[in-house]
Amino acid sequence: METREDILEIMREDLKRALQKTRSERRWGMAIDLRRCIGCHACTTGCMSENLTPPGMRYRPVREEEIGQFPNVSLRFLPRPCMQCDSPTCTPVCPVKATYKRDDGIVMIDYRKCIGCRYCLVACPYGARSADVGHYYTGEMKKQTYEVENSGEYGKVFKRKTHWHSPIGNARKCHFCIHRVEKGELTRCTTTCLGHATYFGDLNDPKSLINKVIAKANAFRYREELGTEPRVIYIV
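Reading the sequence shown from the start, the letters are residues 121 to 356 in my numbering.
Hints listed in this document are in silico derivations from the structure and should not be mistaken for laboratory results.
No incorrect hints appear here.
In silico DSS-like cross-links for lysine-lysine, where the CA-CA straight-line distance does not exceed 25 Å:
1) 303 x 276
2) 233 x 217
3) 303 x 141
For each label pair, taking beta carbons as the anchor points, the in silico distance ranges come out as:
4) 283 x 217: 19 to 25 Å
5) 259 x 126: 42 to 48 Å
6) 217 x 169: 26 to 32 Å
7) 283 x 262: 16 to 22 Å
Given the structure is predicted, the values throughout are model-derived calculations rather than measurements.
Each residue gets a CB set at the ideal place from its N, CA and C atoms; glycine is no exception.
Turn these sequences into a full structure, and let the hints steer you where they fit.
Pasting the structure below:
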């Protein structure tokens with residue numbers, strides 16, 4: 121039986137193979153096995169640590185759902201990152217084209233262009249976007265280093281200073297840790313998942329572990345009827 125480390129190593133090898141291709145030849149995707157998710161929220165906290173998100177902003181919250189019929193009911197945990205839709209509803213509503221889809225399918229936000237209008241927040245049917253209004257954990261007290269130094273999201277560095285100084289004032293969301301992926305590292309939520317329920321890889325690679333996982337009949341896309349073609353696939 122494969123251990124958690126075995127699974128991570130397989131995905132790291134898949135990632136190395138994908139990075140040998142041109143960006144337009146890749147199609148990043150994520151699979152989440154709900155049977156393995158134990159609701160520990162390690163992915164949420166790992167993501168917050170990686171991206172230094174402010175209070176109230178979680179790129180990967182974990183929802184709790186009651187399933188079954190009373191008295192035979194149980195809890196199911198549903199992690200919800202950005203769905204990285206192939207037909208996103210957030211991009212066409214952006215008046216300044218700050219939200220756009222890259223040629224590898226990653227839906228990006230250009231903080232330098234974003235004017236904070238929040239149209240994209242309303243347009244996203246998954247509630248996967250948040251507005252950074254400039255809150256800090258320490259309030260008016262002396263701010264900690266992690267509060268003033270923004271993470272290397274999108275391969276760039278922004279310092280949190282004052283209102284309307286990026287990323288403050290911007291829309292923000294999960295970006296599949298593209299700043300890590302392009303350096304050959306798996307997404308933070310994948311590596312911190314205690315139940316090894318999260319898989320990441322190139323959907324254009326038929327040999328990748330993620331494609332083997334989603335090839336089964338018990339795979340589905342959340343709210344697929346909306347036609348957004350999400351690239352986050354759930355396993356039940």
